[in-house]
Each structure stands twice: as structure tokens, then as C-alpha cells.
Amino acid sequence: MTSHILSYIIFTPLIGILVIAFLPKGQGEKAKWIALATTLAVGLLTLVAFSQFQLIGEYQMVEEAEWIPQFGVQYIVGTDGISFPMVFLTALMSILACVASFGIKERQKEYFVFYLLLETGMLGTFLSLDLFLFYVFWEVVLVPMYFLIGIWGGPRREYAAIKFFLYTLAGSLFMLLGILAVYFGSTPNTFDLRVIAEQDFTLRFQQWVFMAFFLGFAIKVPIFPFHTWLPDAHVEAPTPVSVILAAVLLKMGTYGLLRFNYMLFPDAAHWFQPAMFVLAVVGIVYGGFVALAQTDFKKMVAYSSVSHMGFVLLGLAALNEVGLRGAMVQMFTHGTITGGLFLLVGVLYDRAHTRDMTHFGGLSGQVPVYAGILIFFSMASLGLPGLSGFIGEFMVLLGGFEVRPIFTGVACLGIILAASYLLYMIQRILLGPLNEKWSELTDINGREIATLVPLMVLVVLIGVYPSVLIEYVAPTLDKLNMLLNPPDTLLSSVGGAP
Amino acid sequence: MVTANLAYLIPLFPLLAFVINILFGRYVKDKACWISVGASALSCGIAWPLIVGVIGGTTYHHDFAWLALGGVDLKFGYLLDPLAATLLFVVTLVGTLIQIYAIGYMKGEARFSRFFAYLSLFMFGMLGVVISDNFLLFFMCWEVMGLCSYLLIGFYSEKDSAANACKKAFLTTRVGDVGFLLGILALFTLAGTLSFAELHDAVELNRDSQLMITVTALLLFCGTIGKSAQVPLHVWLPDAMEGPTPVSALIHAATMVAAGVFLVARAYPLIEASAQAAQVIAIVGTVTALTAACVALTATDIKKVLAYSTISQLGYMVAAMGCGAMVAGIFHLMTHAFFKALLFLGAGSVIHGTGTQDLREMGGLFPKMKSTAWTFLIASLAIAGVPPLAGFWSKDEILLAAHQYGNLYYYALSLTAFLTAFYMFRLFVLTFLGKPRNPDIHAHESPKSMTGPLWVLAVGSILVGLPGSFLAHNWFQDFLNRGHEVEHPVNYTVMITSIALGLAGIALAFLLYRGGLGMGEKLARSLAWPHRVSMNKFWIDEAYAAWLVRPWHALARLLFGLDAKVVDGAVNGTGAGTLGGSRVSGWFDKYIIDGTVNFIAAFTQFCSDIFRLFQTGFIQNYLLIVFAAVVFILYFGIR
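As you go down the protein sequences, you meet chains X and U in turn.
Using our numbering, read the first sequence as starting at 21 and increasing by one per residue.
Using our numbering, read the second sequence as starting at 589 and increasing by one per residue.
These are calculated hints, taken from the structure and not from any lab test.
The reader is advised that the hints may include incorrect statements.
[To be verified] Quick list of in silico lysine-lysine cross-link-like pairs, DSS-like style, CA-CA up to 30 Å:
#1 K958/U with K457/X
#2 K1036/U with K619/U
#3 K1178/U with K1036/U
#4 K695/U with K1110/U
#5 K1036/U with K958/U
#6 K499/X with K663/U
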């Protein structure tokens, strides 16, 4: 019996869309409750799938159906240790960002329709095992995101939305070329990921297609120098959309690298390794320095993402077991930590209507609970041990150090930089004498705390006992590691040593 | 062993106290202090029987798999060996006393419960460091202490100076910690283990990779440089005195900063295997000891003097480690924890009673604050190295080791011993003796909850050196060196020199400052240049600001400009280029392509307009044209 649970997960938001679409005029207020119920339902379904999830390296809960048989396009969804944590993260962040969206007052029906469509797109992206299907979902994500930024965003929303849309689209065109190349390069011609993974592509072919995919994903991650859409999109997007963007959308890029570049073109991955090291280290250090120069709170967090996603790439570049696990952990924790930071930016912005850090000061006495939570997430972000950010960074660095100690040493500058920009932020906003302008500022409210507490629990849990996450990703990553470093080459290299 | 696993609870009680005080602070209010002190007391209750067990010859060790790294599992657990037991004794005892003292000191503070929450979190971190059985857990707890240090230095964060100081402390130690982290990575890559218990064998196995061992040892030592405030990362500690005084005592004198020395002790197998690393450590320690003592000579803030004194004493311990005398370093760590905590708490009592930290405004406090003065005197004698107080025995051990290691180190450290005695008694004389210099200050003795811990620590400052003295047949050294007992030579030359230097320093201080500030100022004028160097702390802060901090931020701004102009410029340029190109092609489309089409249409129209003129519909006209054509053809055809 095939399980349909993954399809339910992917398409449940569409039901919510339908219900919202049939809401009578003037009842827009109800849309948020329907959206929340829908995201909660998706969350529940995800938990059901979680209970069925097995600690094996194979794809599970697979579901297949013919779609366009003339071109070998199929509807295949399935999950494994790489995608499931991302699905979990997506379901969770969708609920939390939905609660954070309750403050949206304009055109609520449309907002939540786009919001739920976005959720379907993200879940489908992570769960597709057919390249064509994947591409469709990948592009589906762009459309609601474009409108969410372009309609509900800040002053320069149109510029940011178009930039986001076109930039990602440009990248995905290269990916489409790659997909077509893989389709025609495989026998029989297929989009089925599982079949393609069995093919023996020549190195030259792998290199070209690797590059095509890499470009598409690099823009999404974003990897330096393709990152400049990110700060604009983040700054203009409304808070919940920023949260989703940072927590989930960026992960689609690194997820794609793992799922496609690494699984399909392992030889090219080795060939590309030095370049990835350079890009990762440059991203970490560069992103950190630019974040340090920011005075806009949100832009600082946006650039910190560039730096932190660089750590994911560093772990991937290591091409070893520890590095891959570290990259996976870093992906998950960056989602929770940066998602939390963006929520906190929103909390402050909703009250103060400015994000310029130099306008604040001394808020720690005025809004003590907010201050405590902000310090918590800052510490998590700068990699304080005991919180999850450290685990990801540590494993990534350990993996990188085994391969390229010097590069990894330079990447450690990113840790100092993270401490610099986050502590400067804390000082500018929370410490020092109170700026009298803010003596009326109210502390964070219950609804806002409710969006942050689940994240804090996860951050502490993974930080204290990382095995809770790692045991789920390990079997799949070990299998991938075997693919990247086949045991026979390992044996010969050991045997070749004097 | 079931009972020994209670060791896990030692740090967990303070953690629980932290959670209660931070989450329910507004309900527990003034009782917060009792929750924290109670948690510490419970930790003591579990720790001390175990310490007794360690003294009895047992080593408690337990671990569990914490993180699967692929191939290898990282294990976490506790290790209670003589080294850990020593630290555990110091931390639980001194830590609890300081928290009791803080009840009186912090009375009436607005954020009373928060303060004790932080103290408890600190105790959790420190106890975790002490009992951890591997470098990674050590590092994790070490960073928790760093966080507490940050929070506590910035406790009065509405003051800009405190806000700056806490940031500076965190960032400076972070630099060292990154080195420490890299050291952990290097060690794991080199030896495949992070466990203290396996370190010795792992180093033996990898004897061939001498360079890697040296690099690893030095990277780990970076953590010590940051945390134990060694040159060149010592700059944060004096500023850290912005925190409340019990914090200065607990974190920045007795325990946290000593954790750096403990780290060196834990990494000792690596250092023993690398003479170069040991030498670097000896040099850093000696330089730190001497320079910090020089700065302490001229400081006028009572807590700043003690801060530089702490740096100097930590330098002593580190130098001992480098000179091959790990045991002496740990011995000094223990004695120092008692007398330096006492000095800080005494200073806190003075500040509490007078409301000032400036030495120039004090004087003549002895009759008004008897308990404080007497205990302060005991601590000053201990740090000055007067026998039979604690500091003498441990300092003598270090000087002995330096004497064997190299003359230069010995002379530098001996000079430091002299300077230490001098600045401590300068402090003592200026504070407690002579006449009151500021008539507005009405000093009073502090409450019992503050003086009580002072007396307990004073007793400790007298006694804790004895187990390591020849009077007790160097029991303490044998305890730490368990398994490989060594000879304990007594070098009377070194001992007597050290006593003489200490007494000379004390005497000089009495001579100079007995009558107030006058003679000292005269001396400063005649030694203008050295005085300026000392007053300005070797201009190290200024150098960092000019050559590190400013370029760091300038680089950030430069890269941001680059990001906006070049990287994003390229994107926008591509966008604008595409837009421009599409305008050109739009123009081309409109005027050339479409123009051609329209032109052809227009031309056809034009032609048809002309030809239409012929289509008149009259037969006569057509016949006329035919006729004209025939005439035309005939004319040319015939010719």
C-alpha cells in the first residue's frame, strides 16, 4: 500500500486557498484563521509523516503516478533524511509566520491565498523526486513571493520584488537547461531522479550540468556574488515573508545542491570542490564584514544570512561525512535562528516604525522580555555553545578542517565577525542610556512570544543534544557520502600511502 | 557507579537556579539569592564527598555518546581526577562565599533576581568546565562563562562605559576562543580524540607530527590568552571592573580567569611534547606578569589595581606552566583564588562603606572598617609572598621552576614579586592608613553577610598554602602528580630571595606612602617617562583602537560600498543594460522593422495612388494611352 501522506502535506494548503476564495466580501478578517487552521493541519500531517519516518538511507513514503507519459514526466514524491528536516522546518515556520501575519490589515484574503500557495510550492520543491515536477514547484514559489513582496512590502517593494523574481528566474533558466541536458543525456529519457542517479555520466557532461544547476541554486542560497537580491528583498518584505524567505527559501538552494548536484554528479562535485571552498569562505567573511557596516537592523540580519549560509556551503565543500552532517544541521538551525531574528526585527519595527539601529539605545530596561529574547537569538546566531548555531558551525568547521585547514581557519573570521555585528547591534538597541523617545515603547506581547518560543525550544534542544536531529539525517547522508567517496577509492588511497 | 554519577548534578543545580530566577524572577524577588546560594550549597554537598574520594585515591569517570561524527562518536561526561578535584574545591567554596557576600552587597538593587540568575548560570558554566572530561564540553561550558561575564559586566548597562566594557570583553575573549576552537579541530584531526583521559596516549602515538603538536598546543593556548587575560589580549579585564564587585571577585579574579590556566593543565601532554610551545607559553606568562605589575604601580582606582594585579598573577601561573611546573601553576591558582577573591571583596566592602573607588580620596579607614582592614592586610601579605601565608608557598614553587628553566624568566618573575609587594602595600597604606583625605566621606563597616565571607577567605588565605609546603612534605604536589611522585628539592637561595624581595617591596611602600600621596607624586615627576608609560598602560588600548578596531570597521564600510556599487551595481547594470538594449531593439522594431513594413505599405499606397490616376473608367482615355504606346513602340522599334 502506497502512502499518500506526502501528497496530503503538499496540497492541503490548496484547500485552504479554496475556502478563503469563497469567503464572502467583507469577511477578510476570517482569512487569517482559515490560513492558520490550514498551516496547523499541514503541521499535523507532517507530524504523522514524522511518526512513520524510518531511519534508513532510502527514499520513503514514495508515491508515483503518470503525469505526461509522452515525455516521461511523472508525479513522484518521496522523502529522506535530507528533505524531511526541511519539510518539518517549512511546516513549522509556516505556522509561526502565519501567526506573525495576523498584523496584516490590507487585502487579507489575497495575502493569505498567496501565503498558502507559497507553502504548497515550498513543500513540493522539497518532496519532488521528478526533475520536471521539481522545476514546476520551484517556479511556483516565485509567483506568490513576488506578490507578497510587491504588494505588502515596504517603500521600494516593487524594485525588490522584480529584482527577486528576475534574478531567481535567470538562475532557474540555467537549471532548466541542465534538466533538459540530463533528460536527453540519460537512457531511457527520464526525469525520474532515482533512475538518473543510476546513470554513468561522463565527467565532462557532469561538469557542464553541475555548473548549470549550481548557478540556479547559487542565486537562491545566495552564494557570493549572487547575493544582492537578498538584502533588498528582506528589507522590503513584510516580516512574515522575510521569515519564510530566510528560514525556508534560502534552504531550497542548498537542498538543491545536495539533492541534485551531489547525488547526480558526484565526480563533478570533486572537481568543483576548490571553487566551492573559495566561494564559501569569501561568502562567510564578506557577508560578515558587510553586516558589520549596516545600520538597518533588518539589513544586518539579511547580510548575516549570507555569512551563515556560507557555512552551509563550507560543509558541503568538505565532501566528507562530518561536513555534510554539519551542513544539514546548519541549514536547519539557520532557519530557526534567523527566522527568530527576523520575527524580532518585526516586533520592534511594528512599535517603533524604524529599523535604524542608531535611533535606539537603552531599551533593555524598557522592554526587558524583548531584550532577553533578542540576546538569546543573538547568542544562538553568533554560535554560543549550548545553542544550536554552534553545533552546525562546529561540525562544518571540523569537516572543512580535515580537507583544507587554512581555508577553514580564515572562515573562523566569520565567527569573530558574527560576534562583532551582533554585539554592536545589541549595544546600539538595548544598552546604554535610554533614548527618551522610546519611553512609551511596550514590551513584546503574548502572541509574539508564542511565535518565538517553539524556535527557542528547538535551538536549545539541538544545541544541547544534537543527536535528536542528526540521527534522522545520518543514514541518508552516509549513503551520499559513499557515493561521493566510494570505498574502493578510499581503499586504494590508503593502500597507496607508504 | 551509581553514586558517583551524582557528579552530573554538581553543575545542574546552579542551572536550575538560573532557570527559576530568570523565568520567575518577578515572583521570587528577594528570595532569588537564597535559590542561588542554596543551589551552590547543594553542589558543595555533592562535590565534597567526591573530592574526599579523589583524595582517597579514586578517579571518577563516566561518559556517554553525545554526537555522532561519522565513524567516531564524540563522548561527553565527567572526569574527577586530582586536578578537577582541586578546582572543584576552590570553585564551590569560593563561589558560594562570594554569593553569600553578594546578598549584602546587592541589597536593594532593581534587578536583584536577574543578578543572582546570572551568578548561578556562571556557576553552572564554571563547574561544567571543571568536571568536563573532554575539550569540546570544556569549550562549551567555557563559552557559557563568557556569556555570563558579558551579562554581568554589562549589568549596569545603562552606563555607556559598562556597555562598552562588556562588548569589549566578549569580543576580545572571542578572538582567543576562535584559536581555541581551531585547536580543538586540529587536535581532533591529529589525534582523533578530544578526551582528556586519552590525550596522553594519543600524543605519544603521534610523536612524529611534531609541528602539528606544536601548532595544536599553541592554538589551544589562544583560549588561555583570551580568557586568562594574557598579553596581548589582556585589555578586557581592567575594563571588566565595570561589573558589580562580587562579579569582579568571582569571575574576574577567583574562578573564570583561572579556567585558562586550568586549560593549559588539561592540555599539558601536548605542551610536554613540544618544547617550542612550552617556551612560547613561558614567554607570554612572564611578559604578562611583568607588564601588568608595572601598570598596577600607578593605577588610582582600587579595582583597577586589583585587576592588573590579577593579570600579573595569572601571568605567573601561565609562566609556571611554560617552565614545566604544571603543579606549581595549579597550586598558585588555588591560593590566588582565595586571596584575590578576598582582596576584591575587601575592596567591595571599602567601596560599599565609602562610596568611592579612588585611592586618592581614601585613607585612614583602618579604625572605621576593622574587619575589612584586617582581612585585607592578610590577603595583601599573602599575595606579597610573606611566609607562612598561602601566596608565599605557591609563588616560591613558581620561582623555583623559573630558576631551573632559565635565568631571564627567574629575574623577571622575581622583579614582579617585588613590584607586587610594593603596589599591594601602596594600595593598603593609601586606603587604610594615614589621615582621611576626603572629609566628605563617612566610612562605615559593612554588614555581617559581607564581613563573614571575608573572614572565611582570610582563614583560607592563611592555610591553603600549607598542604603544598615542605612542612606537609609537599602533599599537594604529590596529590596532583599521583602515580609519578617526584623529588621536592628545597632551594633556600630562591626562598630567601623571594622573602627579601617581598619585604623590600612592603617596606618601600610604607616609606613612600605613609605620609599620603606627596612623596609618590614627587617620585612620579622625577621619573616622568616611565611613569607615563605605566599610567597609559603601554598605550596598548590606543594602539588597538587605531590599528585594529578602526581598520576593521573601515574594511566593513569599504566592502559594503563595494557591495552596493560593484556587486549590486553589476546586477543593476545588467538590469539597466537589458532595459537599454530592449529600448534600442524597441526603437529598431518600431522604426526599422515596422518602419520597413509601413514603408512598403506606404510605397504601395503611393504607387497605387499614382496608378489610380490612370484608372479613370473612360474608354477614350484608355484608347489614347494605347495609341500613345503604339506610337512610342513604333518610333523606337523602327529606328
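Each hint, compared with the structure:
no. : hint                 : verdict
1   : K958/U with K457/X   : violated, 48 Å
2   : K1036/U with K619/U  : holds, 18 Å
3   : K1178/U with K1036/U : violated, 95 Å
4   : K695/U with K1110/U  : violated, 42 Å
5   : K1036/U with K958/U  : holds, 12 Å
6   : K499/X with K663/U   : holds, 24 Å
Consistency with the previously given hints fails for numbers 1, 3 and 4, ordered from lowest to highest.
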